[in-house]
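Visitor: Residues per chain, in single letters:
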Amino acid sequence: MANPNSTVDAVDDTDRRDFITVAAGAFAAIGLGPLVWPMLDQMNPDASALALGSVEIDLSPIAVGQAITIMWRGKPIFIRNRAEGEIQAAETTQISALPDRFARNENLSEDAPAVDRNRAGEGHENWLVVIGICTHLGCIPRGQRVGDSKGEFGGWFCPCHGSHYDTAGRIRKGPAPRNMEVPPYTFLSDTRIKIG
Amino acid sequence: MAHKSNYVPHSAFEKWLDERLPVVRLMKDQFIDFPTPRNLNYWWTFGGILIFCLIAQIMTGVVLAMHYVANEALAFQSIEHIMRNVNWGWLIRYTHAVGASMFFAAAYLHMFRGLYYGSYKAPREILWILGVVILLLMIATSFMGYSLPWGQMSFWAVTVITNLFSSFDSVIPGLGTRIVQWVWGGFSVGNPTLNRLFSLHYLLPFMIAGVVALHIWALHVPGNNNPTGIDVKRSSEALPFHPYYSIKDGFALAVFAIVFAAFVFYAPNYLGHSDNYIPADPLVTPTHIVPEWYFLPFYAILRAIPSKLFGVVGMFGAIAVLFVVPWLDSSPVRSLRYRPLLKPFFWAFVATCVVLGYLGAMPPEGIYLLSARLATFYYFAFFLVVLPVVGRVETPTQMPGSITEDIMSNEQRRRAALEGGTPSGAPAAPEKR
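Residue numbers (this note's numbering), protein chains in the order written: chain Z, 3 to 198; chain V, 11 to 443.
Looking at chain V on its own, in the form it has when it is part of the complex:
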């Protein structure tokens, strides 16, 4: 939201600096005074939580890289060395490993919030697209990071995922094999592969940080969406970010940190797979290869499609389709609060994602395979059929005229409930009239 700068440099130095590099002005305007809709709920706190996650991952990661050795003969041992010998190594590694899961959990909730409240709609399309770019970078980064301990799951995850590129062999014979050998730096997953994965695992988080900066920039041009999906119309409908939302975000972050710490201290390996504590063996594939929980829905889609090439296309398509969501949704109404027809479809979509996650961990046969196919069908149908069609046939419910009106009617309802009677001057249960 464009707003007038309230920054007044006081000292001579502040003035001198402001004329040369107005960085203090930028921080004050964008992160202290920034006008934020007054009705944001706790689903809006995940942006701040995600920034915390990124910083935590980068800090613990830099420390881990001081002790880790990216060599196929030493990598596994160096992880055990971190766990047993390095001072606080166990804490830093568990925080990093659990941190990846917490990062994805927060990112998925952040995305479902965006879908529910229509935060991807004009004028926030670029903001949404940058978010999908961040998701792709997160997926690449976490996949590479998971390979580094060089345990059985690491090794076979790298083997299976890099082999996805060999599906190009069915488009141009030999192309896929060339790409895979280029990625491996050999004829099988080996030391060159581990080395380059480590190099890129160190690089990508900084690219994420760069795209996050663009994401926040794109957020600060139109300003936050809000639970009503109605634009801020008066300055009284917004509050300065600090202290109102810095406190709210801070409280949510504290609660999030409790869950985070509970995993780190009481169940650090709960989200991982025990097979990764077996050193990589290129001659034995584990009976049951499963990715980390946050990839399970995509893995289920890959396995649900009975063709190698189209399985891969389906898996990547599940993310690619997110890029065009702003143009697939045909309704002018942002928030699902006022979209009675789409709401059940949305919750069915959320359930589908959870079910796909469950099926991704199950063997691909019998009822599991059938369910995965049905769920994959609905996943794509939600975006490609439901979003375009429902927006055209749906009649939205009565929306409040403004954020203020919405807050006032909530307030009236609350008072009526407290007094157990009808508030003076307000119609009883207006929605039942």
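Next up, chain Z with everything else stripped away, as it sits in the complex:
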């Protein structure tokens, strides 16, 4: 305890106490950090979710103009065998007409432009593979089934908040900010595809 009669001692004591307070606070913070992080990180996708690797699909039963939906990592994947007219419509669309000018294709670099050949694979122009989730708020757009509304651009239409996608899965009209994403995939043969 400080001697109340000695002002010099009291001043020294205050400085020491400041140091001890700051040091104790700093150590408490350092100790708290490693305790808080597991509490937060436990909510991230766990090992079993990360392990849901890849799926292989046989494309041969899908006729021209047809589309199928398969599940990959809990998400719907749209695979459409595009008709000639649909490919042409997608290819002739000017980049300047697109709200999102990036291809959003995980097989390409991030800044690849959203031209049709960057959305569908080279040599496989008829096959469009996209994650079938509206980039606005995560609804599943319509347009996979025969009777569905395909929107104003012949691709997909999201009923939740009215986003229209074209035949390359690119956003054309409505609140969605981005093109539907192209998942990582490879053609194993002309009629077999591996996603993931």
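I should point out that these hints are in silico values taken from the structure, not numbers from a laboratory.
Keep in mind that a hint or two might mislead.
Rough simulated footprint, nothing fancy, chain Z against chain V, three-plus residues with beta-carbon under 8 Å [to be verified]:
hint, region
1, 163-170
2, 183-195
3, 200-207
4, 297-310
5, 338-348
6, 380-392
Residues of chain V placed beyond 10 Å of chain Z at every Cβ, according to the derived structure [what the hints assert, rightly or not]:
hint, residue
7, Leu147
8, Tyr276
9, Thr405
10, Ser419
Pair by pair, the computed Cβ-Cβ distance ranges are [to be verified]:
hint, chain 1, residue 1, chain 2, residue 2, range
11, V, Pro316, Z, Gln90, 28 to 34 Å
12, V, Gly376, Z, Ile32, 55 to 61 Å
13, Z, Ala53, V, Asn205, 47 to 53 Å
14, Z, Ala99, V, Lys353, 47 to 53 Å
15, V, Gly376, Z, Ala53, 18 to 24 Å
16, Z, Arg18, V, His252, 54 to 60 Å
17, Z, Leu110, V, Arg94, 49 to 55 Å
18, Z, Glu127, V, Phe333, 51 to 57 Å
The beta-carbon is built from N, C-alpha and C at its ideal position, and this holds for glycine as well.
Please arrange chain V on chain Z, whose structure you already have, making use of the hints.
Guide: Just chain V now, with coordinates in the frame of chain Z:
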């Protein structure tokens, strides 16, 4: 209102307890003797009704949790199990589901009352802010509770609302996606999501109860506002809470309970959506996603703004703006009774909220979208333009000097009307002089 304690411990035990934990004294001072303005009308009964709602939700909820299974494969079936097999399960679940709607109905009326009579003004700013905090907690709790049956509406409501966080991608690329996957515990809404929503749905009501305790504490420091907005000046202008207001609140609660019971027994699904009786299907989005009625105005604001990020900002801003209402309103007069200029703006605001609720249920196109944009504009303009400006330019009408004066002039008017003549000693129709 600070007042002298009237508690006198009688028995030796009461005395012994009072010296160690004066909880009986606290209850007597705050909930029996508490001086309450004598002129409160029925709009002041919603506080008590809301406490009833919170207790009812917690009690029925605890029972439901004894039978519910938070697993994506079993949740939907466990709800049907509660409805068909559990003794009285249908009653408890319908009470809980309808109870959420009744809770919000009462909370909204409570808030409109606070806005009308200026209950947010000094010295009750903290009281008002705590109320907004309770509203936010109620919104989070009811949203999580709605997800638990794991029907189509549950699943897609969770998908759409959690995806709101992905709008942060347009601020820092990748941030929004990381947050959303952290919330989901996966790459899509799934079992981990359902499990954590259940855990938090059980936690938040107790946090609400905690903030309610602070809300009542903050109420009991300055005491109740009243329809005149004039402070209590004499002890004769206040009455002890019990029996005067315990009876009044009790009567209002009984009437409220009749409406509550009418829904539970005669229209238990009227306020819900039939699509939620279809099990969740991650491959099919319902054509028409609508939230519960009490979220419709906010949903309309979200959809009215043609940008993902700003739609989200607008929706949360609609609640955030309430926090600063005490400082936006520039008028020193509390009650709208004496604010002729603000009154029509206030009723237009109430109508706007109702219209937004209607538009939130309509498809976002054509005239609906245009109306929603106009209504969203007025919603914010009321707070950010009307409240600050009107208070500066308005001339308030003549206010009575005190609560007593207000009561006396009402009494004179009533007598004059009864006798069909002029009361002696009072000017005829003083407001027309």
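Visitor: Decide, hint by hint, whether the structure agrees.
Guide: Now the hints, each set against the structure:
no. : hint                             : result
1   : 163-170                          : holds (count 3)
2   : 183-195                          : holds (count 5)
3   : 200-207                          : holds (count 3)
4   : 297-310                          : holds (count 3)
5   : 338-348                          : violated (count 0)
6   : 380-392                          : violated (count 0)
7   : Leu147                           : 20 Å, holds
8   : Tyr276                           : 32 Å, holds
9   : Thr405                           : 45 Å, holds
10  : Ser419                           : 54 Å, holds
11  : V:Pro316 to Z:Gln90: 28 to 34 Å  : 30 Å, holds
12  : V:Gly376 to Z:Ile32: 55 to 61 Å  : 58 Å, holds
13  : Z:Ala53 to V:Asn205: 47 to 53 Å  : 19 Å, violated
14  : Z:Ala99 to V:Lys353: 47 to 53 Å  : 51 Å, holds
15  : V:Gly376 to Z:Ala53: 18 to 24 Å  : 47 Å, violated
16  : Z:Arg18 to V:His252: 54 to 60 Å  : 57 Å, holds
17  : Z:Leu110 to V:Arg94: 49 to 55 Å  : 53 Å, holds
18  : Z:Glu127 to V:Phe333: 51 to 57 Å : 55 Å, holds
Violated hints for the displayed structure, listed by number in ascending order: 5, 6, 13 and 15.
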